[in-house]
Amino acid sequence: MTITKEQNGSSLTVNLQGRLDTTTAPDLDAELKEDLAGIQALTLDLKELEYISSAGLRVLLSAQKVMNKQGSMVVRNVNQTVMEVFEITGFSDILTIA
Amino acid sequence: MNGIMVDNQLKIDLSGHIDSSNAPATETELMAVRESQPHEGLILDLKDLAYISSAGLRIVLRLRKLEPALKLINVSAEVYEILDMTGFTEMIPVEKAYRTLSVEGCEIIGRGANGAVYRIDQDTVVKVYHSADCLPDVQRERELARKAFVLGIPTAIPYDVVRVGESYGSVFELLNSKSFSKLIAAQPEQIDYYVGLYVDLMQKMHTTHVKPGDMPEMKAVALDWAEFLRDYLPAHQAEKLVALVKAVPDRDTMLHGDYHTNNIVMQNDEVLIIDMDTLCVGHPIFELASMYLGFVAFGELDPDVTQSFLKLPYETACLFWRKALARYLGTTDEARVREVEEKAMVIGYARLMRRTIRRNGKNTEEGRACIALCEQRLSQLLVRVDDLSF
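Chains as they are written, first to last, in our numbering: chain A, 1454 to 1551; chain B, 171 to 560.
Heads up, some of the hints might be wrong.
[Claimed, not checked] In silico contact screen, one side only, chain A against chain B (beta carbon under 7 Å); selected entries:
# : residue
1 : S1506
2 : S1507
3 : L1514
Hints in this document: simulated from the structure, not taken from any laboratory. We put the beta carbon where it would ideally sit given N, CA and C, even for glycine.
When you get a sec, could you build the whole thing from the sequences and use the hints?
In structure tokens form, the structure reads like this:
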């Protein structure tokens, strides 16, 4: 998986490309833990995300919990495959999907 | 066209195409079946219905005036789209048919008492049940797993329920994992490491709050066990047992209900829980009671039971239990650990005794030995233990 980031003051956009699964989720988790300090607006761009596993969803969930305290989080460009997973798991009710 | 009665509901199957050419005949037939049997509600099963035109939809509308509780079930994706576009899905309860899946040629990766697990692709498996009667249980487990997952409990993603041949299956994320039982059996010297991970996850569950009504309350279940034993225990013991369970403080935090080392698995460095059908809420003493059964009491009369159930030597299982309990309580004080263990034993033996009686234990030698053990333990414990909370 490739993670690219663009930061603009207290706004951070993270682009995810490839598979967010049990082997790659810890990388994203570690990166977010490092970067979220001081961030008030987090955007996750999932345009090129091919697959998300439970481990990946848990990283999104913990990022959402952090952002609930310090600002807001938006998930955008969700493709059909990933959207189906969000809907089936009930994540579509938790995440702000733009 | 035939109608069959299911719990006072009349169920009628509609099939094929319903359009202006056969709508009048269909309606006449439908009304005749409807009048032939007294019923409280009407269900149209559309499993074999491929198409319905506006003439057919008007029959449904007229029927609904006569049958306010009308419901449509097993609706195919095509027919659902028609019902959705015309606004019927907002007026009448409509249940979609399950997606049909074939497991022909799929690799079998596990077999259990209730069914078999097939790998359908790189990331997903389907657990196919032997009997179609299991559907309510399949849906229940899936719903519980979904609620826990959204609350952040690490488990495999429960996808959808599907139709497989004559039965049903539940689609899950494929985990590439090993159970804690297997890991400990392979590296007994690492037991403290696994105890730590096991207890961390347990504490995470036990501090996760659940919305009222989302999961069953364990205390009500335990109270049933205690009440059941009124017919089998001396009156003063049964009375005290019921009173002890009643006095356990209510909690809105999650319990797994079957938290033993077969159900905790590791995938890479991730610790996950499986088998979510026993999820409930309640005081942690109920969790400890079921753990005591799994690790200690089941193998007390015959250690081979533990060996075949957990694939661990009985001594290792008992050691794991004591270490996990001490760690969970955050103490090295033996007396404190023993005190809480005895509280867990009260509920544990009550459950084991009821279960053994209900499984015809009075009529087998093993069963009688187990019941006698439970009676003996309970008679001693019920004198000493005055409070089950800790």
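Status of the hints after comparison with the structure:
no.: 1; hint: S1506; in the structure: 6 Å, holds
no.: 2; hint: S1507; in the structure: 5 Å, holds
no.: 3; hint: L1514; in the structure: 5 Å, holds
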